[in-house]
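Please work from the sequences and hints to get the whole structure.
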Amino acid sequence: MPPVFDETKCIKCQKCLTSCPGYILEMGANAPRVAFPDECWHCGCCRVACGRGVISFEFPLHTLL
1 MPPVFDETKC IKCQKCLTSC PGYILEMGAN APRVAFPDEC WHCGCCRVAC
51 GRGVISFEFP LHTLL
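Take the sequence shown: its position 9, counted from the start at 1, is 9 in full-length UniProt numbering, and no numbers get skipped.
Don't take every hint at face value.
Computed beta-carbon distance windows for the label pairs [to be verified]:
#1 E58 / G22: 15 to 21 Å
#2 R52 / E26: 14 to 20 Å
#3 Q14 / E39: 15 to 21 Å
#4 D38 / I11: 24 to 30 Å
#5 S56 / E26: 15 to 21 Å
#6 T18 / H42: 17 to 23 Å
#7 G28 / F57: 14 to 20 Å
#8 G53 / T18: 17 to 23 Å
#9 M27 / S56: 15 to 21 Å
Because the hints were derived from the structure by calculation, they are not lab data.
Backbone N, C-alpha and C define an ideal beta-carbon position, used for all residues, glycine too.
Right under this line is the structure:
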């Protein structure tokens with residue numbers, strides 16, 4: 001699953017966009033969005049770069065087993 005963005009916490013600094021090694025993120029109206037969800041590496045670089053708790057990853061249970 002690609003990253004999920006909490007629009008209420010985002011300040012639109014775009015640090016997540018510049019940190020993504022796969023260049024799959026783009027700026028939406030209120031927060032970044034995933035332009036190419038199938039290309040996400042789930043590396044977490046965007047989450048680390050953010051630092052505001054905007055980004056989370058939700059993995060289905062069957063992928064964790």
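Return holds or violated for the Cβ distance of G53 and T18 against the range 17 to 23 Å. This hint holds: roughly 18 Å between Cβ atoms.
Quick check on a hinted range of 15 to 21 Å for S56 and E26, using CB atoms only. holds, 19 Å
Within 15 to 21 Å: is that where the Cβ-Cβ distance between Q14 and E39 falls? Cβ of Q14 to Cβ of E39: about 19 Å, so the range 15 to 21 Å holds.
Does 15 to 21 Å hold as the CB distance between M27 and S56, or does it fail? Between M27 and S56, where Cβ atoms are some 19 Å apart, the hint holds.
How does the Cβ-Cβ distance of R52 and E26 compare with 14 to 20 Å: does it lie in that range? At roughly 19 Å between Cβ atoms, E26 and R52 fall inside 14 to 20 Å, so the hint holds.
Status of the given 24 to 30 Å range, CB of I11 versus CB of D38: Given range 24 to 30 Å: holds, Cβ gap about 28 Å.
Tell me if the beta carbons of E58 and G22 are separated by a distance inside 15 to 21 Å. Holds: the Cβ-Cβ distance is about 18 Å, inside 15 to 21 Å.
Has the hinted range 14 to 20 Å been met by the Cβ atoms of G28 and F57? Distance hint for G28, F57 holds at roughly 18 Å.
Using the beta carbons of T18 and H42, state whether their distance is inside 17 to 23 Å or not. With a Cβ separation near 18 Å, T18 and H42 satisfy 17 to 23 Å, so the hint holds.
When held up to the earlier numbered hints, the structure conflicts with none and fits them all.
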